[in-house]
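Enquirer: Sequence:
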Amino acid sequence: MSTSEDPNVTTAQEPELEPEAEAEAEAEAELEQEQDQQSEEWETMARAWLCSFPEAKEVSMAEVEAWIDSNLASLPEGLRSMPRPDLSNRLISFQNCIRLPNQEREASQLDLPHARFQRTDQWIPVYSWLETLDKEEVVKSKEISDWLTENPKVQEQLCSRHSRYHLMHYIKKCHLKILKRRDKKKGVEQPDKDSPLKVQKDVVMKHPAPLPSSSVSNLPKDSDLYLAKKNEAYRKYEILVELEKLLSPTFSKQPSI
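Residue numbers 3 to 259, in this note's numbering, belong to the letters of the sequence shown in order.
It is worth saying that the hints were derived from the structure and are not from the lab.
None of the values given here were measured: they were computed from a predicted structure.
Some hints here could point you the wrong way.
Here are the computed lysine-lysine pairs in the BS3-like style, where the Cα-Cα straight-line distance is at most 30 angstroms [what the hints assert, rightly or not]:
#1 K174 / K155
#2 K142 / K223
#3 K232 / K247
#4 K179 / K137
#5 K188 / K155
#6 K223 / K186
#7 K182 / K142
#8 K137 / K188
#9 K247 / K182
#10 K155 / K142
#11 K232 / K187
#12 K247 / K231
#13 K155 / K144
#14 K137 / K175
#15 K155 / K175
#16 K175 / K187
#17 K186 / K174
#18 K144 / K187
#19 K175 / K231
#20 K142 / K175
#21 K137 / K155
#22 K175 / K186
#23 K144 / K186
#24 K142 / K187
#25 K182 / K231
#26 K182 / K137
#27 K174 / K144
#28 K142 / K186
#29 K188 / K174
#30 K144 / K179
#31 K186 / K231
#32 K175 / K223
#33 K174 / K187
Distance ranges between label pairs, derived from CB positions [claimed, not checked]:
#34 C161 / P85: 26 to 36 angstroms
#35 P56 / S147: 52 to 62 angstroms
#36 A75 / R166: 21 to 31 angstroms
#37 P56 / T134: 40 to 50 angstroms
All C-beta atoms in this analysis are idealised placements derived from N, C-alpha and C, irrespective of residue type, glycine included.
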């Protein structure tokens, strides 16, 4: 009888392989469970730190990186191996959830812990998509549906934990928060152009120092550098004349000593 037809050849090896495979599977499960627990503990610690800030304050990237550096030893191995920008953005995304109005009340209405909106590992793709939208109005329901259809994995994860209504409602709130943050930044970066020029009364007028003869006179008058320096000097002269006009009434009203 050939070896391939002998049933003892295969059955004799099975008792030896099964315990090893079972032990390996148990070890992997324990390791995964431990990593999940460490990640949850780190997320809880990060959220507690973020909650210490006023709701209106947006944590800066420098503050995030400083916190990560001071708590690096307590981070799970999977998070320590992440690129620093990804880890920082993940921490900032926690605050985006915390700062959303009524988010805590909505989360408390859900019975299962894994169904919370704060599970940012599932929401990061949504945040990233909303940040890329060049819109001045809140995203529409149809746009959200189209994006979810184009990203079936994200849709499957989110729809398995949240109702369609709450999903749409929350994504729109996220986008509204992003739009408000952008408006605040625009207000800071673009000062009022019509604001009057403010001049201190104790400014001492100084006449422009004459340019050294070697700096301009030696240049060809038809050269670009000569024309540029000439135009620059003329602009400075116009500015000084305008300042003198603004300051003359102020100095003329001062009593003579």
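Enquirer: Determine for every hint whether it applies to the structure shown.
Expert: Cross-check of the supplied hints:
Between K174 and K155, the direct Cα distance comes to roughly 20 angstroms. Compliance with the 30 angstroms bound is thereby established for this hinted pair. Between the alpha carbons of K142 and K223 the distance comes to roughly 61 angstroms, so the proposed pair goes past 30 angstroms and is violated. About 23 angstroms separates the Cα atoms of K232 and K247, which keeps this hinted pair within 30 angstroms; it holds. For a cut-off of 30 angstroms, the pair hint linking K179 to K137 stands: about 13 angstroms separates their Cα positions.
Between K188 and K155 the CA atoms are separated by roughly 35 angstroms; this puts the pair beyond 30 angstroms, and the hint is violated. Straight-line distance between C-alpha atoms of K223 and K186 comes to about 49 angstroms, which puts the hinted pair past the 30 angstroms bound. Between K182 and K142 the CA atoms are separated by roughly 17 angstroms; this keeps the pair inside 30 angstroms, and the hint holds. Distance hint between K137 and K188 is fulfilled; the C-alpha atoms sit about 14 angstroms from each other, no more than 30 angstroms.
At roughly 42 angstroms between alpha-carbon atoms, K247 and K182 are farther apart than 30 angstroms, so this suggested pair is violated. Restraint check: the Cα-Cα separation between K155 and K142 comes to about 21 angstroms, which is no more than 30 angstroms; the hinted pair holds. Taken as a hint, the K232 and K187 pair is broken in the structure, with Cα atoms around 38 angstroms apart against an allowance of 30 angstroms. Proximity of K247 to K231 is assessed by CA-CA distance (about 25 angstroms); at most 30 angstroms being required, the pair is judged to hold.
For the proposed pair K155 and K144, the alpha carbon gap of about 18 angstroms is at most 30 angstroms, so the pair holds. At roughly 14 angstroms between alpha-carbon atoms, K137 and K175 fall within 30 angstroms of each other, so this suggested pair holds. For the hint pairing K155 with K175, the CA-to-CA distance comes to about 22 angstroms; that is within 30 angstroms, so the pair holds. A threshold of 30 angstroms between alpha carbons decides the hint, and for K175 with K187 the separation of about 19 angstroms falls inside it, so the pair holds.
Restraint check: the Cα-Cα separation between K186 and K174 comes to about 19 angstroms, which is no more than 30 angstroms; the hinted pair holds. Taken as a hint, the K144 and K187 pair is honoured in the structure, with Cα atoms around 28 angstroms apart against an allowance of 30 angstroms. With a C-alpha separation of about 54 angstroms, the suggested pair K175 and K231 falls outside the 30 angstroms cut-off, and the hint is violated. With a C-alpha separation of about 11 angstroms, the suggested pairing of K142 with K175 holds against the 30 angstroms cut-off.
Taking the CA atoms of K137 and K155, the gap is about 25 angstroms. The hint holds against a cut of 30 angstroms. Among the hinted pairs, K175 with K186 is consistent with the structure: their alpha-carbon atoms are about 17 angstroms apart, no more than 30 angstroms. Between the alpha carbons of K144 and K186 the distance comes to roughly 27 angstroms, so the proposed pair stays at or under 30 angstroms and holds. For a cut-off of 30 angstroms, the pair hint linking K142 to K187 stands: about 24 angstroms separates their Cα positions.
Between K182 and K231 the CA atoms are separated by roughly 44 angstroms; this puts the pair beyond 30 angstroms, and the hint is violated. Annotation: proposed proximity of K182 to K137 holds, straight-line Cα distance about 12 angstroms (limit 30 angstroms). Of the pairs offered as hints, the one joining K174 and K144 holds, with about 12 angstroms between alpha carbons and a cut-off of 30 angstroms not exceeded. Taking the CA atoms of K142 and K186, the gap is about 22 angstroms. The hint holds against a cut of 30 angstroms.
Distance check on the hinted pair: K188 and K174 sit about 21 angstroms apart at the alpha-carbon level, within 30 angstroms; holds. Straight-line distance between C-alpha atoms of K144 and K179 comes to about 19 angstroms, which keeps the hinted pair within the 30 angstroms bound. Under the criterion of a C-alpha separation no larger than 30 angstroms, the hint pairing K186 with K231 is inconsistent with the structure, at around 39 angstroms. The hinted pair formed by K175 and K223 fails the criterion: a straight-line CA distance of about 62 angstroms is larger than 30 angstroms.
Between K174 and K187 the CA atoms are separated by roughly 20 angstroms; this keeps the pair inside 30 angstroms, and the hint holds. As the Cβ distance of C161 to P85 is approximately 29 angstroms, the hint placing it in 26 to 36 angstroms holds. In this structure, P56 and S147 break the distance hint of 52 to 62 angstroms, their C-beta atoms being roughly 36 angstroms apart. In this structure, A75 and R166 break the distance hint of 21 to 31 angstroms, their C-beta atoms being roughly 43 angstroms apart.
In this structure, P56 and T134 break the distance hint of 40 to 50 angstroms, their C-beta atoms being roughly 28 angstroms apart.
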